[in-house]
Amino acid sequence: MASRTLRLIVAMLLGIVPSMCLDKADPRFISYEDIMSTASVFSEPGVTAYSQLLFDVGRDQVVVGARDSLYRLKLQELKKLEKAVWLAPPDKVQLCQDKGQTEQDCHNYVKVLLSNGKKLFTCGTNAFTPQCSWREMEDVNRVTEWIQGVAKCPYSPHSNITALMTMSGQYFAGSPMDFSGADAAITRDMGPAGPYLRTNQYNSKWLNEPQFVGSFETDAFVYFLFRESAVEYINCGKRIYSRIARVCKNDQGGQLMLRDNWTTFLKARLNCSLPGEYPFYFDEIQGMTYLPDEGLVYATFTTPRNSIPGSAICSFNLTAIQTAFNGAFKYQASVGSAWERHSTAGSRQTQCQQTTQSVLQSSRYQLMDSAVQPTSQTPLYTSQLETILHIAVDVLPTKMHRAVHVLYVATFEGLIKKISVLSRTQTTCVLEIWRPFPIDANVPILTLQYLKETDSVYIGTQEQLMRVPAQHCSRHQTKLACVNAMDPYCGWNEHKERCVPPPNNDPLTSIWHQDATQCPILNMPISGGW
38 MASRTLRLIV AMLLGIVPSM CLDKADPRFI SYEDIMSTAS VFSEPGVTAY SQLLFDVGRD
98 QVVVGARDSL YRLKLQELKK LEKAVWLAPP DKVQLCQDKG QTEQDCHNYV KVLLSNGKKL
158 FTCGTNAFTP QCSWREMEDV NRVTEWIQGV AKCPYSPHSN ITALMTMSGQ YFAGSPMDFS
218 GADAAITRDM GPAGPYLRTN QYNSKWLNEP QFVGSFETDA FVYFLFRESA VEYINCGKRI
278 YSRIARVCKN DQGGQLMLRD NWTTFLKARL NCSLPGEYPF YFDEIQGMTY LPDEGLVYAT
338 FTTPRNSIPG SAICSFNLTA IQTAFNGAFK YQASVGSAWE RHSTAGSRQT QCQQTTQSVL
398 QSSRYQLMDS AVQPTSQTPL YTSQLETILH IAVDVLPTKM HRAVHVLYVA TFEGLIKKIS
458 VLSRTQTTCV LEIWRPFPID ANVPILTLQY LKETDSVYIG TQEQLMRVPA QHCSRHQTKL
518 ACVNAMDPYC GWNEHKERCV PPPNNDPLTS IWHQDATQCP ILNMPISGGW
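Heads up, the sequence shown is in the working numbering, so the first residue is 38 and it goes up one at a time.
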């Protein structure tokens with residue numbers, strides 16, 4: 038509450054009215070009561086931290102990881118199909134508390150949920166003694182194998198982790214590796230099929246206090262997005278930069294001093310800034326999502342925590358990412374010296390071809406000289422006095438466009454903003470602002486994901502999991518209100534005389550009218566009368 042009060046005071050001083058004060062006047066706001074009229078909710082007494090989701094569309098289920106619990110729920114109504122209790126052993130809990138951890142933290146928090154065919158791979162903190170298991174997707178109580186979780190899962194429930202499993206069973210992760218959380222690494226575990234690899238331990242030029250946000254894979258590479266203390270800025274003080282790192286899937290590791298280390302690890306800065314003679318940088322990445330069919334990354338960025346809150350959304354395509362990784366390196370010859378641009382003509386470090394030269398270069402060069410540039414000169418979206426954290430994306434056809442991107446972003450205050458990206462101009466429009474929790478509740482959102490098959494947004498919090506439909510067309514009760522909403526999901530059906538999604542998912546139907554080519558017209562009431 039103190040943080041919210043401070044923001045209100047700052048808002049009044051700056052003459053800015055934050056979004057929490059506008060819901061009665063802005064027709065884009067959807068109240069808690071209206072959200073709950075169509076939402077599905079799941080919770081159980083005593084269970085918290087609904088933070089991990091794994092969608093299994095073929096079996097019409099979502100696997101949920103929470104504190105001390107795994108669930109299988111129906112995709113639509115979130116009806117419980119099965120619960121697996123996964124408690125930390127009493128001796129581990131006691132040892133955890135003896136080492137100075139709180140009773141709250143000495144539980145088993147599920148941090149990893151991944152699938153490989155019919156198998157479920159899951160890891161939990163297990164009272165600061167990480168543990169993983171293989172289970173059946175249709176029977177999460179059936180454990181087929183227990184695995185030590187060190188280097189696969191963080192010790193602390195407060196640590197960030199990103200992990201993915203390739204089709205061939207390779208496990209990639211970015212996470213703290215030790216009890217204290219000081220040894221963070223990007224790792225690969227192939228089991229008996231190949232060498233275990235990690236970033237160079239306690240080497241700040243590789244990773245420097247990273248906070249991992251997300252990861253994704255392409256044919257040859259695995260990418261990790263994170264924020265960290267900028268080692269190239271250290272001579273001028275401490276500053277956080279956003280990064281994207283890349284490793285080759287076929288990396289075999291180095292020899293001698295680089296034994297068990299990556300030989301293809303590279304990282305570059307992500308540039309999300311307002312241009313000018315002195316650009317204003319949104320330096321701290323908070324969330325990301327990847328569209329594999331389009332080779333496009335959307336990410337949310339914020340100002341530092343000790344500054345006035347501000348947020349931005351930027352997008353990056355694989356072409357820009359590859360351009361940065363194919364360029365020159367940034368190199369520091371000795372501690373305290375300036376970082377300089379260094380070109381390595383003919384380098385194979387960037388091409389997944391391991392040679393003696395590339396192995397030698399991997400020990401000297403990790404940081405690229407050029408930052409990855411966004412798809413537009415300015416951020417797609419910016420906001421003041423607001424901290425945007427999570428992001429999810431849907432792509433859908435409209436009457437006028439083959440593919441429109443709709444972004445769902447979660448704010449620190451617990452609001453969900455639905456934002457469309459106008460494809461021709463790359464400008465954004467706030468279509469709706471959802472309030473999924475009571476107005477005076479302070480509910481942090483732990484995870485936000487969109488699922489095309491149910492056309493819904495899934496919201497995980499400490500106390501519950503929610504499914505909210507992406508479209509709320511029926512709230513627009515006249516044709517003019519429906520069309521003026523500019524919602525890619527909605528149009529006016531002249532036969533039904535209602536605002537609805539397109540018949541048979543075909544927006545080109547002649548009886549369905551839509552004009553989602555600009556931002557909503559806000560001077561019209563949604564009900565047709567003031």
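I should point out that these hints are in silico values taken from the structure, not numbers from a laboratory. Be aware that a few hints might be false.
Stated by the list, open to error - Derived DEER-like restraints, expressed as beta-carbon distance ranges:
1. Gly274 <-> Asn541: 57 to 63 Å
2. Glu490 <-> His438: 17 to 23 Å
3. Met73 <-> Asp552: 26 to 32 Å
4. Pro434 <-> Gln238: 27 to 33 Å
5. Gly218 <-> Pro434: 43 to 49 Å
6. Asp135 <-> Asp97: 28 to 34 Å
7. Gly274 <-> Gly218: 42 to 48 Å
8. Arg296 <-> Gln388: 38 to 44 Å
As the list claims (entries may be wrong) - The calculated DSS-like cross-link candidates involving lysine-lysine, where the alpha carbons are at most 30 Å apart (straight line), are:
9. Lys286 <-> Lys242
10. Lys275 <-> Lys155
11. Lys155 <-> Lys489
In this text, a Cβ means the ideal position worked out from N, Cα and C, and glycines have one as well.
Comparing the hints with the structure gives:
no. : hint                          : verdict
1   : Gly274 <-> Asn541: 57 to 63 Å : holds (59 Å)
2   : Glu490 <-> His438: 17 to 23 Å : holds (22 Å)
3   : Met73 <-> Asp552: 26 to 32 Å  : holds (30 Å)
4   : Pro434 <-> Gln238: 27 to 33 Å : violated (49 Å)
5   : Gly218 <-> Pro434: 43 to 49 Å : holds (45 Å)
6   : Asp135 <-> Asp97: 28 to 34 Å  : violated (44 Å)
7   : Gly274 <-> Gly218: 42 to 48 Å : violated (23 Å)
8   : Arg296 <-> Gln388: 38 to 44 Å : violated (22 Å)
9   : Lys286 <-> Lys242             : holds (22 Å)
10  : Lys275 <-> Lys155             : violated (46 Å)
11  : Lys155 <-> Lys489             : holds (21 Å)
In summary, the numbered hints that this structure violates are 4, 6, 7, 8, 10.
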